[in-house]
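2 protein chains.
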Amino acid sequence: MGLKEQLDYLFDPRSVAVIGASNQLGKWGFFILARLLESKSGKEIYAINKKDTEVLGLKAYKTVVDVPGPVDLVVVTVPFQGIAEVMHDCVRKGVKVAIIITSGLAETGVKGARIEQEMVEIARRGGMRVVGPNCLGHIDTYSNVRTVGFLPGVKRGSVALISQSGNSSQSVTNYAGQMGLGFSKFVSSGNEADLHFEDYLEYLAQDDKTKVILGYIEGFREGRRFFELAKEITRKKPIVIMKAGRTDAGARAAQSHTASLAGSDVVLDAAFKQAGVIRVEEISELVDVAVPLLGQPLPRGRRVGVLALGGGMAVMTADAVRREGLEMPAFSAATMDKLNSIMSHRWSRGNPVDPGGDNVSYEALWPMLEDENIDAIIITGGVGMISGFRNWVILPSSIKSQLAEARKRGEDAEIGNLEKTIELMKKHQKPILFTTHVSGAARSGRIHNKLRSSHLSFYDIPERAARALKRLVEYSEYLGIAPQRTMKTDIPHAVRGELVEP
Amino acid sequence: MGLKEQLDYLFDPRSVAVIGASNQLGKWGFFILARLLESKSGKEIYAINKKDTEVLGLKAYKTVVDVPGPVDLVVVTVPFQGIAEVMHDCVRKGVKVAIIITSGLAETGVKGARIEQEMVEIARRGGMRVVGPNCLGHIDTYSNVRTVGFLPGVKRGSVALISQSGNSSQSVTNYAGQMGLGFSKFVSSGNEADLHFEDYLEYLAQDDKTKVILGYIEGFREGRRFFELAKEITRKKPIVIMKAGRTDAGARAAQSHTASLAGSDVVLDAAFKQAGVIRVEEISELVDVAVPLLGQPLPRGRRVGVLALGGGMAVMTADAVRREGLEMPAFSAATMDKLNSIMSHRWSRGNPVDPGGDNVSYEALWPMLEDENIDAIIITGGVGMISGFRNWVILPSSIKSQLAEARKRGEDAEIGNLEKTIELMKKHQKPILFTTHVSGAARSGRIHNKLRSSHLSFYDIPERAARALKRLVEYSEYLGIAPQRTMKTDIPHAVRGELVEP
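Those protein sequence lines, which keep their order, are chains A and B. When the letters of the first sequence are read in order and numbered with our numbering, they come out as residues 1 to 502. When the letters of the second sequence are read in order and numbered with our numbering, they come out as residues 503 to 1004.
Bound conformation, chain A alone (with noise of 0.2 Å):
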């Protein structure tokens, strides 16, 4: 059985058993089925518990070998003394995949390490494939099949995620909420006893369902192979990593969380760069670059025009922009004719643009994009203020209708202008990155879902979309698409990320 049949095991099973299915609110056991039930994935369910006739109301089955149908795939959460037993089980089941979310194992120690070793050499000479130990379990969008106890919000989308981090991909998967990004898979990798990261990267380069690949790591167990497969697949599938352990204490905590060895960060630094593999610096970044990944254009170079509706965003995207490492180039004649004779005489007369007041926005952003100095743009303030007009509310009710209408009419204008931003971000390809700070009100609603089901992404800080923009660039100018230019202002990754300890 080849790995791409292994792992559609995993995702797509038949059947899948609990065992350490509980009762017991607050026991792993007791989440794991619990997600499981509520999924509505269709699959048989089976829980496995020593002691209970019946777990959240399934009839329970003393081992997993008394389950009367096939069992595809497991979940194990028996404390790490009972799993060489459950492993033997699982063999003699016939289990395709288990899933080991038991922890105390190699990162604890010696020990530890023997345990696990003795695990994955039963399930080997059964042909049984193992996820973790140490891990949160996994999620399948489609077939619906999710393992992992929390993560509620997990939609369904085109990212994959792989994470050697259960909790890490908490942090992801909410701040993916807040962003409107789903997910087609997650697995929570743990210390990658059997099963490796490069196994799950292999195997979601040839996944349809998945356009983008997330990943966080901690350290490699093969990074030869990681670095090979990821030359090949970022020619069509961007890759987007996120190695933690970078400093001294980063690097020592890795070890001791996933038994990983962390190995030159320079050196790695590098090696992702040959391979680009988009690599970004915090956590929430994965989710920043990922939603304009999915659908927008990649920048033909690093020229950023920027539209802000208000001179204090201007400044500060401006000086976010730089400090990327981008330029800002003056806008050719043309555009300044068109810009002048749209504005008053309020505008700021130069890129960044700022109306100075006047009610300007798409009208101003059309020209800058087909401005032929510009490769891509970001525009701050404004979208969907019209939603912010619900807020009066002790007006005479004659106001209050004529704001309710006002609203209407406003939201219709917005999302035709979107439209044909949307058609002339296509026709020029340069990709358009939002930033509001209007948090709530522009994230709801027509406009919102508008510029989501655009993969137009929005940012709350202007500092996050140079930041993301900038990994755009890169990566375009790896493929060959923008044309490649050394960052003159920008500082190396090598002098941020080394640190001595004192």
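Don't take every hint at face value.
Computed list of lysine-lysine pairs in DSSO-like fashion (alpha-carbon distance at most 30 Å, straight line) [as the list claims (entries may be wrong)]:
(1) A:Lys51 with B:Lys910
(2) A:Lys408 with B:Lys657
(3) A:Lys27 with B:Lys840
(4) B:Lys529 with A:Lys408
(5) A:Lys408 with B:Lys910
(6) A:Lys450 with B:Lys529
(7) B:Lys529 with A:Lys420
(8) B:Lys775 with A:Lys111
(9) B:Lys910 with A:Lys27
(10) B:Lys713 with A:Lys155
(11) B:Lys529 with A:Lys27
(12) A:Lys408 with B:Lys922
(13) A:Lys40 with B:Lys542
(14) A:Lys27 with B:Lys922
(15) B:Lys613 with A:Lys338
No wet-lab data here; the hints were simulated from the structure. Since we're looking at a predicted model, the values are computed, not measured.
Keeping the supplied structure of chain A fixed, place chain B upon it in accordance with the hints.
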């Protein structure tokens, strides 16, 4: 009349008139009058409109001179061509302070600067002070006089904000709302034709309702005065500044925005340091730093203890701490003994503390707070997790009631643990910063309220917590509370900020 008395009229006037009050949705004069009416300050509110006899249900007067009672404060939204006439009227009426929302003045060039100058001269001759022009208005959450047409979410609190940009302040107040931070006063200072940033600063230094002063600055009108004031104020009241326009493109945009000249950023940076001003690099940092400043002790040094409920967060937090130039020392032998006694062999056995899946959190925190090697704590993950239980919905009803009870018990226990934690925090004078990825659940309810009311700040990613802590450490070193040290591992601001145009 001294500055204090003048600005008292701004923040707590007997009456306010909106000159240019409008029935037309979308006009400044519409939003501002609506806002004043909605705020229910109990002050007299007047509408001034040359044509309409009634605006938003109020009788409208043709000019401010026609108003029967005294008018302390006016908000002016008429186009710049009509400004001089309005100013003459105000002087005749004995108005104390005029907020000029109108833009198109000094920020647009020589012609606008002349009109602005004339406006100020009329005011000065008449003994009237001017806020703006080209500004957004102001807010006093105690008098409840609110002239800003937007920013609906500004709650009462102890932080003041002076901003040279209207829409940047919107970023601050929105994010502050999410972080549970309230404001005492807010003023959008605009072009500062008359009243300068420095005037507001001097006033707020004496304001009992204000514990921390935040500022968004693009350029100084009175640089020397600013730094002299700041040097005095920061001994008692922290000042946190976001100075934008650090890069070439940013400085050019600032010139166009508020007609301010940026000056050398490297020189400024040194001046900020000498005056004890906490300078931040992203607008959201203003809030990140303000929250702990309000109620937590300043750290006695830069040695950080990290407690991470989850290994990945431990690694990332250790990285974040080190990359900010803070230290991650080993614990004392006594602390190690205590931690060994409460956790299984799975714990990380060092700093950062990762319980390795053990159900331990506060019990591990307390010895860390008592450790003489540790000056501050960052906790990641876990807090408020108990709230997540509410999401299990398809279970048998017997389980459901069990869940509700467990949640109540869990919350009771956590409230008690938080109380003990706060006691230890005060006793040992060590700040505690939380990072939680449980965004929705943990940010409401009893536990969250407890966190907020105790000024225990929480951040969405560990990098934000580490960055905020670094600012606190630097301020503490400035005040001589922590021993002064050079950050070996930090990249100085000058290197990051000073960019060269390609």
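Review point. Checking against the hints above, which ones are violated?
Key: Violated: hints 5, 8, 10, 11, 12 and 13.
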